[in-house]
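Quick mapping for you: the protein sequence lines, in order, are chains L and X. Going by this note's numbering, the residue at position 44 of the first sequence is 44; the numbering climbs one at a time, nothing skipped. Going by this note's numbering, the residue at position 47 of the second sequence is 47; the numbering climbs one at a time, nothing skipped.
I should point out that these hints are in silico values taken from the structure, not numbers from a laboratory. Fair warning: there could be bad hints in the mix.
[Unchecked claim] Below, a list of computed lysine to aspartate or glutamate pairs in the DMTMM-like style, where the Cα atoms sit at most 20 Å apart:
| hint | chain 1 | residue 1 | chain 2 | residue 2 |
| --- | --- | --- | --- | --- |
| 1 | X | 2 | L | 57 |
| 2 | X | 5 | L | 64 |
| 3 | X | 2 | L | 64 |
| 4 | X | 5 | L | 55 |
| 5 | X | 160 | X | 188 |
| 6 | L | 164 | L | 64 |
| 7 | X | 165 | L | 4 |
| 8 | X | 2 | L | 4 |
| 9 | X | 5 | L | 4 |
| 10 | L | 412 | L | 57 |
| 11 | X | 5 | L | 57 |
| 12 | L | 511 | L | 55 |
[What the hints assert, rightly or not] Chain L is nowhere near these chain X residues, computed Cβ spacing over 12 Å in every case:
| hint | residue |
| --- | --- |
| 13 | 2 |
| 14 | 10 |
| 15 | 72 |
| 16 | 113 |
| 17 | 123 |
| 18 | 140 |
| 19 | 144 |
| 20 | 145 |
| 21 | 147 |
| 22 | 148 |
| 23 | 151 |
| 24 | 155 |
| 25 | 160 |
| 26 | 165 |
| 27 | 191 |
| 28 | 192 |
[Unchecked claim] Here chain L is said to cover these stretches of chain X; the calculated rule only asks that three of the stretch's residues, wherever they fall, bring their Cβ under 8 Å from a Cβ of chain L:
| hint | stretch |
| --- | --- |
| 29 | 89-96 |
| 30 | 171-178 |
All of these numbers come straight from a predicted model, not from anything done at the bench. Backbone N, C-alpha and C define an ideal beta-carbon position, used for all residues, glycine too.
Given next are the chains, with one letter for each unit.
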Amino acid sequence: MLLDILQFLIFFALLTLCVKPLGLYMTKVFQGEKTSISKIISPIELLVYRLSFVDPDNQMEWKEYAISMLLFNLMGFIFLFLLLLTQQLLPLNPEHFQGFSFDIALNSAISFITNTNWQAYSGESSASYLTQMLGFAVQNFLSAATGIAILVALIRGFASRESKVIGNFWVDITRTTFYILLPLSIIFAIFLISQGVIQNFNNYQIVHFISSQIIPMGPVASQEAIKFIGTNGGGFFNANSSHPYENPTPLTNILETFMMILIPASLTYTFGRMQKNTKQGWAIYFTMLFLLISFMGIQYWANISSNHIVSLLGISGHYIEGQEIRFGVAGSTLFSSITTATGCGAVNAMLDSLLPIGSMISMIFILSGEAIFGGVGSGLYTMFAFIIIAVFVAGLMIGRTPEFLGKKIEVKEMWMSIIIVLTSGILILIFTSIALTTKEGLSSILNPGPHGLSEILYAYASTANNNGSALAGLNANTLFYNITTSITMLVGRYVPAVAVIYMAGSLAGKKYIPPSVGTLPTNRVPFIIWLMLIIIIVGALTFFSALALGPFLENILMQRGF
Amino acid sequence: MKNLKSCIIIFIILTFTTGIVYPLLITAVGQIFFPWQANGSLIYQNKVAVGSALIGQSFNTRSDLFWSRPSGTPDHPYNATSSGGSNLGPTNPKLISEIENRIAFLNKNGIKLPIPSDLVMGSGSGLDPDITPESAMIQIPRISKVTNIPEDTLKELVIKNTETKDLGLLGANRVNVLKLNLKLLELERKYAR
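Input sequences plus hints: build the corresponding full structure.
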């Protein structure tokens, strides 16, 4: 146990050490400055602009930025959707998989363009190598770049003074892909192969020992790397990162966990730097880190405790159903917490089989609406919405003008922040109720009792917040779930995204008000505590009753032995 | 309209780079520098692939070998074409009765309580290649009886095949069942002579 805690401490210390260098590097990328790899990348970048008729100096207003973003994502959807429907006609399909049926193709395409990576299909038994690398992996890059671009637009909105423009979307996604996502992925993918993650285009291999076994193959490492770096989380295999070919050793496990949180964490510094207020960036980073570590502590405690019903049968050792031996409890917990706190959603242990409080913590991370690191870009912009609400409420309570970073918070910003924060909550409650009251919704449940409620609640929480993990006992590949989760993923991604871009435009046009005695300091401890309270209150008030009926109740039943 | 044209072209370029150039580059590097790992860490004996060092197999039909964890993959245990866990929740009566059945099966084969949890609970992938050292140790009397290999020799074998935590800190101590069984079969051949 002491070793586990030591491992956690080293992990977060290393993360904190990386925040500044990577944050600084990303600042240079977004501000169009020279970086250490500009020599190699810059000619490619300029060629891209020339070929695509993009003028990199042309700055966009919010409307053009939003339309470009939506158009680009629509393009991604059409391409992936068609690829899924027609994969049987295309090359690199050694197992001769059929095309996806209409509803699952729709669901999977939406899932990957929204950075959710909810998977109602099973990779090794339905997706061709071409589909994986040219379809899913491409959207892993592009959806991540989209999230980061939207965040950067918002940061420019805060930083600029009485201007109408917030950057060029084409430049932002191109630079994000070429300078940040690709270089990191190349290094990480090669490391993963060295540890045993496969990367080939062979047919599935048949091995024979005391019986025969068919072993799937494929270009896994290249997809695995971006799956974490872009907080996507869609596994090449059905078992995701618990599969030994995706996550072969304790070392890959810890580094995969690290890569999930690296960019969301470093973006806080990028923000501080672009805002010329690094203290504010650190304040946000430590707010998120504090919440993450607190809840993760509870999950660790839950995961090392025992299930009395099973212990009574004469079992020693920890409750290990759904977990791999090589990762240990610490490795499983760290991964399960961070994958749900960030918008990643990969899993290295089946969350459905964790003890009730353990899986509840993962659900709470998701229900916090991506404010605890969250997806690349999307996490931090959701956090800004929470900050604006916190500033506004605090301002009302102590009679100060609500301001954040020298920008006055007015009705427009409040509306947008409310939309950003509440969209997912509203979606979750509505669709959970629908599922709980229809035969189509209920018939997919695997585990009876309160656990069944948790499975459904988790499904909509995960899709509305673009996470993608699941209490996977729920049979999600039905017409009902494919359609309803498609809706929650789409609305949960694009409504807040457009609200953010609109808010960026509105903030950019505002005057800068220098801080005075009347300004509420937003980088000090009292405000940080206040902000955490707002996040917890919004989460708890919206979902407390549902959590009480699901995991809490199940925990009580387990304690009494039914 | 100009925006649409830019959109299409940028999309094509980024898709080509991240969807074709990037995976092919990684494949080339992997195949050149780490061909064994990139092709699945397959273990060969007499030029026949007997399995992957990373993918677990079921050995339950052979009483002279170490057994793996239970596996919740569909159709049959350790079905590598359909990875996944049981997803049964901690209060699901089905899980409890499955665990009871597994305990009964192990008891019948001479393995006494308390039994290490990993021998009666499945993994998340359904393909876990490892068991805990405790789970290997507890199977020794059973194997010794069938093979006539002294228990101490088997203990030594397990200890020699135990992988410890990475960097002394990460993960857990574990024994790869396939590798262990391959070594065990060598021993059996020696003792059979």
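So, going through the hints one by one against the coordinates:
1. Our distance criterion of 20 Å between C-alpha atoms is met by residue 2 of chain X and residue 57 of chain L, whose separation comes to about 15 Å.
2. Our distance criterion of 20 Å between C-alpha atoms is met by residue 5 of chain X and residue 64 of chain L, whose separation comes to about 14 Å.
3. In summary, the hint linking residue 2 of chain X to residue 64 of chain L is supported, as the alpha carbons are separated by about 12 Å, within the 20 Å threshold.
4. Proposed proximity of residue 5 of chain X and residue 55 of chain L is supported: the alpha carbons are some 13 Å apart, at most 20 Å.
5. For a cut-off of 20 Å, the pair hint linking residue 160 of chain X to residue 188 of chain X stands: about 17 Å separates their Cα positions.
6. A hinted pair counts as satisfied when its Cα atoms are at most 20 Å apart, and residue 164 of chain L with residue 64 of chain L qualifies at roughly 11 Å.
7. For the hint pairing residue 165 of chain X with residue 4 of chain L, the CA-to-CA distance comes to about 12 Å; that is within 20 Å, so the pair holds.
8. A distance of roughly 56 Å separates the Cα atoms of residue 2 of chain X and residue 4 of chain L; the hinted pair therefore is violated under the 20 Å criterion.
9. For the hint pairing residue 5 of chain X with residue 4 of chain L, the CA-to-CA distance comes to about 53 Å; that exceeds 20 Å, so the pair is violated.
10. For the proposed pair residue 412 of chain L and residue 57 of chain L, the alpha carbon gap of about 29 Å is over 20 Å, so the pair is violated.
11. Restraint check for residue 5 of chain X and residue 57 of chain L: satisfied, since their Cα atoms lie roughly 18 Å apart, inside the 20 Å limit.
12. For the hint linking residue 511 of chain L to residue 55 of chain L, the alpha-carbon distance of about 28 Å lies beyond 20 Å, and the restraint is violated.
13. A Cβ of chain L approaches the Cβ of residue 2 of chain X within 12 Å, the least distance being about 6 Å, so the stated non-interface status is violated.
14. Not every CB of chain L lies more than 12 Å from the CB of residue 10 of chain X, the least distance being 5 Å, so the non-interface label is violated.
15. Remark: the non-interface label on residue 72 of chain X conflicts with the geometry, its nearest Cβ contact in chain L lying 9 Å away (cut-off 12 Å).
16. With a cut of 12 Å on Cβ distances, residue 113 of chain X falls inside the contact zone with chain L, its closest approach being about 4 Å.
17. Against chain L, the non-interface label of residue 123 of chain X is violated: not every CB pair exceeds 12 Å, the least being about 5 Å.
18. Distance check for residue 140 of chain X against chain L: the nearest CB is about 16 Å away, which clears 12 Å, and the non-interface claim stands.
19. Against the 12 Å criterion, residue 144 of chain X stays outside the reach of chain L, whose nearest CB is about 20 Å from its own CB.
20. With a cut of 12 Å on Cβ distances, residue 145 of chain X stays outside the contact zone with chain L, its closest approach being about 19 Å.
21. The beta carbon of residue 147 of chain X is kept farther than 12 Å from every beta carbon of chain L, the shortest such distance being approximately 15 Å.
22. The Cβ of residue 148 of chain X lies farther than 12 Å from every Cβ of chain L, with a closest approach of about 20 Å, so its non-interface assignment holds.
23. Every C-beta of chain L lies more than 12 Å from that of residue 151 of chain X, the closest at about 20 Å, which supports listing it as non-interface.
24. At roughly 19 Å from the closest C-beta of chain L, the C-beta of residue 155 of chain X stays outside 12 Å, upholding its exclusion from the interface.
25. A cut-off of 12 Å between C-beta atoms confirms that residue 160 of chain X is not in contact with chain L; the least separation is 18 Å.
26. The non-interface label for residue 165 of chain X is inconsistent with chain L: the shortest C-beta to C-beta separation is roughly 7 Å, within 12 Å.
27. At the 12 Å boundary, the C-beta of residue 191 of chain X stays outside the reach of chain L, the nearest C-beta of that chain being 19 Å off.
28. Under the 12 Å C-beta cut-off, the non-interface status given to residue 192 of chain X relative to chain L holds; the minimum distance is some 17 Å.
29. Only residues whose C-beta sits within less than 8 Å of a C-beta in chain L count toward coverage, and the stretch 89-96 of chain X has 7 of them, enough to reach three; the restraint holds.
30. Residues of the stretch 171-178 of chain X lying with their CB closer than 8 Å to a CB of chain L number 4, which satisfies the three-residue condition for coverage.
Hint compliance for this structure: hints 8, 9, 10, 12, 13, 14, 15, 16, 17 and 26 are broken, all remaining hints hold.
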